[in-house]
Amino acid sequence: MVRIPARTGPLAVVAAVAGVLALAGCGSHGQAAAPPIHDMPSAADTPASAPVATTSVDIVNFAFTPAVITVRSGAAVTWTNKDADAHTVGITGAPVSRPLQTGEAYVHTFGQPGTYSYKCTIHPQMRGTVVVTST
Amino acid sequence: MTEIDRRGFLKCMAWAGTGVAWTVAGGLLSGCELGGTSKPAAAKTRDLYFVQISDSHIGFKGPANQDVTGTFSGAIDQINALPSRPGFVMHTGDLTHTSTAAEFDTVKQMMSTIKAGGTFQVPGEHDAVTGDDQAYLGIFGKNATGSGYYSFDMAGVHFLALVNSVATQGMGHLGQAQLDWIRKDLSGLSSDTPIVVFAHVPLFAMYPAWGWSTDDAMQALAMMKRFAAVTCLNGHVHQVMSKVEGNVTFHTARATGFPQPKPGEAPNPGPLTVPSNLLHQAIGIAEARFSARTGHVAVIDDTLP
Chain W
1 MVRIPARTGP LAVVAAVAGV LALAGCGSHG QAAAPPIHDM PSAADTPASA PVATTSVDIV
61 NFAFTPAVIT VRSGAAVTWT NKDADAHTVG ITGAPVSRPL QTGEAYVHTF GQPGTYSYKC
121 TIHPQMRGTV VVTST
Chain Y
136 MTEIDRRGFL KCMAWAGTGV AWTVAGGLLS GCELGGTSKP AAAKTRDLYF VQISDSHIGF
196 KGPANQDVTG TFSGAIDQIN ALPSRPGFVM HTGDLTHTST AAEFDTVKQM MSTIKAGGTF
256 QVPGEHDAVT GDDQAYLGIF GKNATGSGYY SFDMAGVHFL ALVNSVATQG MGHLGQAQLD
316 WIRKDLSGLS SDTPIVVFAH VPLFAMYPAW GWSTDDAMQA LAMMKRFAAV TCLNGHVHQV
376 MSKVEGNVTF HTARATGFPQ PKPGEAPNPG PLTVPSNLLH QAIGIAEARF SARTGHVAVI
436 DDTLP
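Respectively, the protein sequence lines represent chains W and Y.
Under the working numbering, think of the first position of the first sequence as 1, with each following residue one higher.
Under the working numbering, think of the first position of the second sequence as 136, with each following residue one higher.
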């Protein structure tokens, strides 16, 4: 049986004139020092991540996995959202996918060879790359 | 003579003979000239009571909350049952989960049942999931500028409703156009005007690795340095967090939809599933009281009944 903790009453937290809470991982007024979210390094920017030959990408833990894939021209790539939050697949130069709820998938067929970058438009720090090679 | 006038007068009297006396009111040191009229620092303000709700995520389906419409409705019932009617209710974004017309329509209809002096909202990233904010702006952006920002005054307090999460301008980003607008918006205000800033994403660096910060917030806050008291009320993080920095108090509110993990305590910032009988203790509303006497906003976070 799960024991419900005693309610502390309606006043869970009162923040007024003072009441500074220590923030784990938070610098004091660190906006200036904090890296801009859209410039945060992602797997796609890491030279070390070699392209994986696959047509399946999982969306898990707010990341595209694998982040860099390689497919042949004409291949259909499937993204499957395994997170509890919704995500999208926004490929540069193509319409953004519908938002994918948990368990939903999106398929996009790549024609022209080239390197296509994409991101989740809800969480733009999530980035990936599809390298399309000629058949 | 009002309470503040009388108190200010007495303080000045106590310093009679020194030329100028200083009194702290509204967090601002203000001189009161001897022989002149003692003025309260936060002139023309009156007490104001308002409520913040956030992150209803209408359209979300998952184990973290199987009925976000039900809990949003519960939050509205909670507001409508408050002993005094709020001056207004502000929804600080992520009204919907996937920005569909049906989700926006549900939110609009539900918010119209709130008993308050008015309702306001700012968008979150879930209100423009494909980067297109036209659906949101079509319904909620009628009196807004640019991507949906605006300001209003109530009880002598100046409120800014900012947009820092729509992908068209960058996540956790205000952008130059909005910063220019803020500068213009604040330019005519006297420095004793209390300022309250609403925005979806926290305006302090709560946890940048999860996108819980606004990269150009410092530029906006720099424009507010001259004001006695600035209160930033945010959503996005689905949990209560407070921080005081100089003249600025930051506060984040619980969601009405579902909780999220504490910074760094999970592999990702997504929905946190708690035992269903504990869900109501992890979501809720925030009551806010502006006191004309102190010039400050006090926030009381209530969980759902």
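One or more of the hints may lead you astray.
Said to hold, decoys possible - Here are the simulated PhoX-like pairs of lysine-lysine, each with C-alpha atoms no more than 25 Å apart in a straight line:
1) Y:K319 - Y:K277
2) Y:K179 - Y:K243
3) Y:K243 - Y:K277
4) Y:K179 - W:K82
5) W:K82 - Y:K319
6) Y:K179 - Y:K277
I should point out that these hints are in silico values taken from the structure, not numbers from a laboratory.
Outcome of the hint check:
1. About 20 Å separates the Cα atoms of K319 (chain Y) and K277 (chain Y), which keeps this hinted pair within 25 Å; it holds.
2. Pair hint K179 (chain Y) plus K243 (chain Y) does not hold up; C-alpha atoms about 33 Å apart against a cutoff of 25 Å.
3. This hinted pair checks out: K243 (chain Y) and K277 (chain Y) have alpha carbons roughly 13 Å apart, not beyond 25 Å.
4. Restraint check for K179 (chain Y) and K82 (chain W): the C-alpha separation of about 54 Å exceeds 25 Å, so the hint is violated.
5. Distance restraint check for K82 (chain W) and K319 (chain Y): the Cα-Cα separation of roughly 45 Å exceeds the 25 Å cut-off, and the hinted pair is therefore not satisfied.
6. For the proposed pair K179 (chain Y) and K277 (chain Y), the alpha carbon gap of about 29 Å is over 25 Å, so the pair is violated.
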